[in-house]
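> These protein sequence lines map, in sequence, to chains A and B. Note that the numbering used here numbers the first sequence so that position 240 is 251, with each residue one more than the last. Note that the numbering used here numbers the second sequence so that position 72 is 78, with each residue one more than the last.
Careful, some of the hints might be misleading.
[Said to hold, decoys possible] Partial list, derived from the structure: chain A residues whose beta carbon lies under 10 Å from chain B: (1) K77; (2) S78; (3) A245; (4) V292.
If you are wondering where the hints come from, they were derived from the structure by calculation, not from laboratory data. Note that beta-carbon positions come from the ideal geometry of N, C-alpha and C, so glycine has one too.
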Amino acid sequence: MSAVVHAPARPRSRLRGLVLIAVLAVLVIAAALWSLSVGAVPIPTQTIINTLFNLDGEQQTYIIMKSRLPRMVLALLAGAALALSGAIIQAVIRNPLASPNIIGINSGAALFALVLVLVFPDIPQVWMPLAACIGGLVAAAFVMVVAHYRNLSAIHLALIGVAVGFVFEAGVDYLLIVSNDSESSAPMIWLTGSLWGRTWAHVAVSWLPLVVLSAVALLLSYRLDLIALGEATATGIGLNVPRQRLLLLLVATLLASVSVAVVGVMGFIGLMAPHIARRLVGGSHRLMLPVAALVGMLLVVLADGIGRAIAPPIEVSAGILAALIGAPFFIYIMLTTTSEQDS
Amino acid sequence: MSILVKGVTAGYGRDRAIVENIDLTIATGEVTILIGPNGCGKSTLLKTIGRLLKPRTGTIHADELDVLRNHPKRVARTIAYLPQSPVVPTAITVEQLVGYGRAPHQSLLGLRSPRDIELVDQAIAATGLAELRFKPVAELSGGQRQRAFIAMALAQDTPYVMLDEPTTFLDIKHQVETLDLVRQLHGAGRTSIVVLHDIAQAARYGDRLVVMHEGRIVAEGKPTDVVTPELIRNVYGLDCEVYADPVSGTPVVTPR
Numbered sequence: 012m013s014a015v016v017h018a019p020a021r022p023r024s025r026l027r028g029l030v031l032i033a034v035l036a037v038l039v040i041a042a043a044l045w046s047l048s049v050g051a052v053p054i055p056t057q058t059i060i061n062t063l064f065n066l067d068g069e070q071q072t073y074i075i076m077k078s079r080l081p082r083m084v085l086a087l088l089a090g091a092a093l094a095l096s097g098a099i100i101q102a103v104i105r106n107p108l109a110s111p112n113i114i115g116i117n118s119g120a121a122l123f124a125l126v127l128v129l130v131f132p133d134i135p136q137v138w139m140p141l142a143a144c145i146g147g148l149v150a151a152a153f154v155m156v157v158a159h160y161r162n163l164s165a166i167h168l169a170l171i172g173v174a175v176g177f178v179f180e181a182g183v184d185y186l187l188i189v190s191n192d193s194e195s196s197a198p199m200i201w202l203t204g205s206l207w208g209r210t211w212a213h214v215a216v217s218w219l220p221l222v223v224l225s226a227v228a229l230l231l232s233y234r235l236d237l238i239a240l241g242e243a244t245a246t247g248i249g250l251n252v253p254r255q256r257l258l259l260l261l262v263a264t265l266l267a268s269v270s271v272a273v274v275g276v277m278g279f280i281g282l283m284a285p286h287i288a289r290r291l292v293g294g295s296h297r298l299m300l301p302v303a304a305l306v307g308m309l310l311v312v313l314a315d316g317i318g319r320a321i322a323p324p325i326e327v328s329a330g331i332l333a334a335l336i337g338a339p340f341f342i343y344i345m346l347t348t349t350s351e352q353d354s
Numbered sequence: 007m008s009i010l011v012k013g014v015t016a017g018y019g020r021d022r023a024i025v026e027n028i029d030l031t032i033a034t035g036e037v038t039i040l041i042g043p044n045g046c047g048k049s050t051l052l053k054t055i056g057r058l059l060k061p062r063t064g065t066i067h068a069d070e071l072d073v074l075r076n077h078p079k080r081v082a083r084t085i086a087y088l089p090q091s092p093v094v095p096t097a098i099t100v101e102q103l104v105g106y107g108r109a110p111h112q113s114l115l116g117l118r119s120p121r122d123i124e125l126v127d128q129a130i131a132a133t134g135l136a137e138l139r140f141k142p143v144a145e146l147s148g149g150q151r152q153r154a155f156i157a158m159a160l161a162q163d164t165p166y167v168m169l170d171e172p173t174t175f176l177d178i179k180h181q182v183e184t185l186d187l188v189r190q191l192h193g194a195g196r197t198s199i200v201v202l203h204d205i206a207q208a209a210r211y212g213d214r215l216v217v218m219h220e221g222r223i224v225a226e227g228k229p230t231d232v233v234t235p236e237l238i239r240n241v242y243g244l245d246c247e248v249y250a251d252p253v254s255g256t257p258v259v260t261p262r
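Next comes chain A alone, as it looks inside the complex:
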């Protein structure tokens, strides 16, 4: 372009990335502690710290240990899982609009989990994530097979995903209407992305898969960089693209599905957290994935806490609040990011 040669801009140093991760981690911990204190029964932070170290009275201990702590743990796990899932899907499909929602995973997982709850009400909690995973995989597999078979572009894939998502959502709505009794109100709340009534049982069935899958996602971060270069370039530098794409989408699908099983549909996290992270540290996934996970944790924990703090004892779903808090910020980011998608 211009003949004037500019001095190289200063690099985004690795140090800056690490400092950012540390700051985010502190924010997540602070938000988590705060979320333990708010709700129908406000509990001072000092009491919470005492409780966590087993130093305090029984009522507070009961509320914290039985009600708020498992919620907080689930909020952290699900926030990280949804953010990682979204980041993987955005890299693989190479579409900034992509998220677990867009390729139908969330709705598929929700439908299968709901069928399990309604049709087999006596079945133990353990099976919820499994049913959700099957649903998520069915939806993702359908979208992928169609896209692969017709050799479709990223835009077509996203459109088919949206359509598949609507079909599964219609199934969810139908089930909620036909089973119109007191039993269905609980699934209804859960489906809006709420942590209401979550217990240690939910933590027990989901923590191991979510931790393992998140670790796998972080290990695969460099491959995400490569696959984001597109099939042709990635093949040229030695990536077995079809196989890696399948592996990465499998990890992303399972992450989102298990989250849906325990915290319901929080579609916005998977779209927003990766964008915020990319804006903060750039597109290299080795740094971007951990930052996205922390942003996801922060968003869900804050949303859950604020949802309880607004008008106790009534609760607003974390999914709804996450969208409410995140959307303005997200729009701000989109408006201030120079368009890099063209060409």
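Once you've looked at the hints, dock chain B against the given chain A.
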């Protein structure tokens, strides 16, 4: 030491084959340029050698290495392949992009060795990108982007480099810059295989031309031997005259 293509037939899906029964030997140390009219199969042939397209029949070897049977990573240590208008990644700097060229030499985690850093530095210097090193690739001009991708292929440190229409969408100055870079690669002891549209450029920058027509190779050899009015008429259906380029002495085609 060469790339040996034997009996390769390839096409997309269940459609008719685009290239049929291709036999081709790419000798080391030369710049081989594939030319031919639109749809003649030159890009398809390059994609097949680059493992983007699985051939229906035939074998491809590069220095005794079976390109189709070996692990993609292993092949990528021998052949670098740059597609036509590659995807520009979001929020990735020039240095990061060039670093990806080292992927076939690295483990799953992509940790850099001193050798990786050295080769990335060399590739950035050779393509004149030092000033743009920390700029996002998406913010570069078309010519600069093309140089960044070529630098990535350079960092891959392979004996063979394949480029699919690297000059498309560039203005003439950037076209020349890019092709000079290809000659530089050759000077550095690499063998390159390039698909080009412009016959005069192909004749000027190639040691050897391979002319394709309707999925087959119809001529190959030195530019002065290959580019004749008869060939252009047969292959492109164009009535023309061929004269020597006043600067390089290589053949130039002008329509009659």
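> Now tell me if each hint is right for this structure.
Structure-based check of each hint:
1. Proximity of K77/A to chain B is violated relative to the hint, the smallest CB-CB distance being about 41 Å (cut-off 10 Å).
2. Interface restraint check for S78/A: the shortest CB-CB distance to chain B comes to about 40 Å, outside 10 Å, so the restraint is violated.
3. For A245/A, the suggested interface contact is upheld, since its CB lies about 9 Å from the closest CB of chain B, less than 10 Å.
4. For V292/A, the interface hint holds, since its Cβ comes within 10 Å of a Cβ in chain B; the closest pair sits about 9 Å apart.
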